[in-house]
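Q: Below, each chain spelled out in residue letters.
Number of protein chains: 2
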Amino acid sequence: MHDAMEGFSRHISQQFNHELESIRTEMLAMGGIVERQVHDAIKALTENDIQLAEESKRLDQQTNQMELSIDDQCTKMIAIRQPTASDLRLIVSISRSVSDLERIGDEASRICKHTIEIFNSGNVPKGYVEVRHIGALVSGMINDVLTAFARRDLAMAYRVAKQDIRVDTEYRTAMRTLVTYMMEDPASISGVLNVMWVLRSLERIGDHARNLSEHLIYQVSGTDVRHQTLKSIKQTLRDDSPDDEDDLNPNSE
Amino acid sequence: MHDAMEGFSRHISQQFNHELESIRTEMLAMGGIVERQVHDAIKALTENDIQLAEESKRLDQQTNQMELSIDDQCTKMIAIRQPTASDLRLIVSISRSVSDLERIGDEASRICKHTIEIFNSGNVPKGYVEVRHIGALVSGMINDVLTAFARRDLAMAYRVAKQDIRVDTEYRTAMRTLVTYMMEDPASISGVLNVMWVLRSLERIGDHARNLSEHLIYQVSGTDVRHQTLKSIKQTLRDDSPDDEDDLNPNSE
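Going down the list, the protein sequences come from chains A and B. Residues 4 to 256 in the numbering used here are what the first sequence lists, from first letter to last. Residues 4 to 256 in the numbering used here are what the second sequence lists, from first letter to last.
Honestly, I wouldn't trust all of these hints.
One copy or any two copies: either way a pair holds, since identical chains are not told apart in the list.
[Said to hold, decoys possible] Here are the simulated BS3-like pairs of lysine-lysine, each with C-alpha atoms no more than 30 Å apart in a straight line: (1) K129 x K46; (2) K79 x K234; (3) K79 x K116; (4) K116 x K129; (5) K79 x K46.
Derived from the structure by calculation, the hints contain no laboratory data. Model, not experiment: these values are computed from the prediction.
Please construct the entire structure, taking both the sequences and the accompanying hints into account.
A: In structure tokens, the structure reads:
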């Protein structure tokens, strides 16, 4: 009887692990869709591809539904499995992450909306060089943070958080350039404004990618590093894994 | 012995209810601070009060810390108390709500940042009428949604969600007006852009207030209404409380 109980309990625990793994996989799948949304949104704008903009915009409904479904599974797992410690942290981190992924999808949709407005106006405004440049940076961040999640790689998560600082700097420079375009040619104001909103969305996508890296750090290390400076995040990771000196070199910043 | 156990269990349950009430009160207190932040940010801009802008900006650290502290308490309560059903929904709803409150605080900070930029430029741009108007609408939404939380008033929550549609319409009209200001006077572009960012922040604050109303509806009714249309939210509430016809009249939209 004792053996039977032990077997039963092992069975439950295996099933729970299977559920945790499955929800983690679903979150990564949602990440893949969101990554494609952002990629397509940038491509649609810079290549003036209205059909791609409309397709990418439609993906938003799918990511909205995935957010609800994954979040619902998270709450049910908490109610039924009553997880603690690292299992609970995994669930909390997934629930926070799908919220940021959904917001990235929202921003990609906004980019498509502005692409459609630009297309309908019949003019191609200046500023696509800046969109391509910052677009490539934030696309790289999304790709990296999803890889970091898949590998539970905190050093990689840290690099994503650090990259956000670069995006913010490049964003401010790009905005100044766009203001001069407007001043030189007031007739272009509406068009350039659309590009500005796109850049703003890209900058926000960078913020969400950084949030995702913070959720992973919480999941693995147990420390909630939201609202912390990069320096203090680095300290958290150093305390957690003193061997990983290369990626967390204090002189590399 | 049996009585002692029952007494113990009642004691635990009372303590848990006390904890739930206390975390709910903390969330409402955070809401009060965020409400003040938004109020002060709008006042600082429209009355050119640089000191108030700097004070309001500093409040952001406090709301960041409150988010972390309340979220930490939520996770600990889940781990220790292992709540289910409505208790779990209350905790999940509070955790989601502090995230939206923190983002409202972020937007208020952004408004202050633009106020400081405008002040330093020495020029007062056009567009303050629009800021006052939309500012009053979103301030009202925050106030109403916090009252709805305090009273668990779903009809009031629904009205907040509905008000967001009006904010979006007024926002689009205001943006068109601001574009004409820029075209008429290209020298004003930088200044008017600052006002545009402020309006964008106000519009996002409206979105977060709507999110808060959806978290309350989830908390009380158990239905996750995120990404639903107003019509379908109304249906959820009607199914939940068929007596409340006045506020949920299908002809009132």
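Q: If a hint holds in the structure, say so; if it does not, say that too.
A: Hints and how they fare:
Proximity of K129 and K46 under a CA criterion of 30 Å is satisfied intra-copy only: 16 Å inside one chain copy versus 36 Å between copies. Taking the closest pair of Cα atoms, K79 and K234 come within 30 Å of each other only across two copies (27 Å); inside a single copy the shortest separation is 37 Å, beyond that limit. When the C-alpha separation of K79 and K116 is checked against a cutoff of 30 Å, the pair qualifies neither within a copy, at 35 Å, nor between copies, at 41 Å. Taking the shortest alpha-carbon separations for K116 and K129, both the intra-copy value of 17 Å and the inter-copy value of 27 Å come in at or below 30 Å.
For a Cα distance limit of 30 Å, the shortest separation of K79 from K46 qualifies neither inside one copy, at 38 Å, nor across copies, at 44 Å.
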